[in-house]
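Listed in order, the protein sequences are those of chains A and B.
Here the working numbering is used: the first residue of the first sequence is 1, the next is one more, and so on.
Here the working numbering is used: the first residue of the second sequence is 392, the next is one more, and so on.
Now the stretches of chain A that chain B is said to cover, found in silico as 3 or more residues with beta-carbon under 8 angstroms:
(1) 54 to 68
(2) 89 to 103
(3) 115 to 123
(4) 131 to 140
(5) 147 to 158
(6) 381 to 390
Now the in silico label distances, taken between C-beta atoms and shown as ranges:
(7) B:F417 <-> A:Q87: 53 to 63 angstroms
(8) A:S321 <-> B:I458: 51 to 61 angstroms
(9) B:D512 <-> A:A387: 23 to 33 angstroms
(10) B:F417 <-> A:P332: 55 to 65 angstroms
(11) A:A80 <-> B:D512: 42 to 52 angstroms
Here are some chain B residues the structure puts well away from chain A; computed CB gaps all over 10 angstroms:
(12) S419
(13) A439
(14) W442
(15) P446
(16) E515
FYI, nobody ran anything at the bench for these hints, they're computed from the structure.
C-beta: ideal position from N, C-alpha, C; glycine also.
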Amino acid sequence: MRLAYFSPLPPARSGIADYSRELLPHLAQRAALTLYAPDPAAVSADLRAQFEVRAYDQYPGERWAYDLALHQMGNSSHHAAQYALLQRYPGVVVLHDYVLHHFIAHHTVGQGRPAGYARELGYTLGVEGVALAQAVLHGRIPHPLFSEPLNARVVDLSLGLIVHSRYVQQRILARHPDRAVQVIPALIEPLPGRSRRAELGLPADALLFASFGQVTANKRIDLALATLAQISAEIPQAYYLLVGEVHPQVDLASLIQQFGLGERVRHLGFAPDLATFVDWIHTADVVINLRDPTAGETSATALRALAAERPLIVFDQGWYSELPDDAALKLPPNDLPALAQALRALAQDPARRRALGAAGGRYTRARCHPAQVAAAYADFLRARLAALQAS
Amino acid sequence: MDKGTEHELDAFDALLARARVEERPFPSPTPVVGPLLDWLRGLWISVAARWYVRPMLEQQNEFNRLIVNHLRAQADHLYAQDAPLIAQDRALVAQTRATAELTAQLIQLNRRLAALEARLDALETPNP
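Please construct the entire structure, taking both the sequences and the accompanying hints into account.
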């Protein structure tokens, strides 16, 4: 099987680029791969050494050489050129996020093309969508970022869909019952890591809660900080580590000041490389990975925390609900008392922290290893080819 | 009424509400003698300006009304274009997907044809 592979690729600051880096060596054992990129020279040298990387504009003339095109699609600006190509030459799509609205808004309105935004909403909702877009564009209502996923065009174009959760599968099938949608767990390469606790200068008995990745509003860092402030008198050894750049919409310094947390919070910014990022995950005692609203995403950070055998706290919705009960504490979304209770419980019970971590490690080894995921990809792609031949 | 149409009507209602220009009193803030000043000002306006300004106000209001109605008609016209454009967009996506399916099928057929030709060549090649 010969595949043309489309995805953001390292060194792009994209979770899907990291995903591809982990998937590709394993998928290459089951299919002949050619990678396509807007600018092959910008792809990391190690990947170019392993794979042939060709330019997007070469694909139209070369597409007959492949059995299928495989697109890794997500909700970020990294997919702009890929989206344009996908609309002309569809293939099998791996939908990493159910919601593509942020990407579409950036790709249209953000690039001075408001008509494109109206077109996308119109495609999904009909004439009502066009009027809704006008209302958004005239500032009368905010972008319905989470209520309108704007994935219909991608779903309709695809020759098959791979998603990472039953949550997303069910939502797609509810709107597009004729689509072939396969759930394949998100992958995680188990990486070794070491604690960097000494670099933080914390007391010896410090209990380190931590959140990772870009600090955005829907990661509810504000709620985590409020909870930490609430329990700080009971658990004076509790500290909170944040590793990731801060989105402009979040005023982290003000939040820390508002809750009077000061030295209790350590913010380290964007980790320079994956190994460092993994090290910081290994440094944490408990990983807090909240999302509300959810964009139907799969959190690579949550998976890395599970693979690193860290106890994980999530909101009980979307993909997060499908994590094993013994590997993650799943709380009602935005429930501060429940979060406070969870932090207290884990702070006081090291054995439970270890048990949760061990279950997380077992889960990722059993379900998320890149070799298993690549095998599932190959099975689905062969099934799609067979179905296309039979139709 | 759908959500989108509601937003459009809201916009035109807001425009219409601002379309009518009217005379506005401007009371004097001066204490004690203010009402006297208002009366004198009103007298002066009624003598010097009212019969000159009123026809212009009416002219402006008529123009504004025509503009709003014209914009509404244009919007209706554009709105009527949306449905067929969306239908075309959806049809284009369906055609693109169908073409991609046919391309994939054709690629597989070519592969099988090439394999058959190779086997045929092998059969036709005399054994040494």
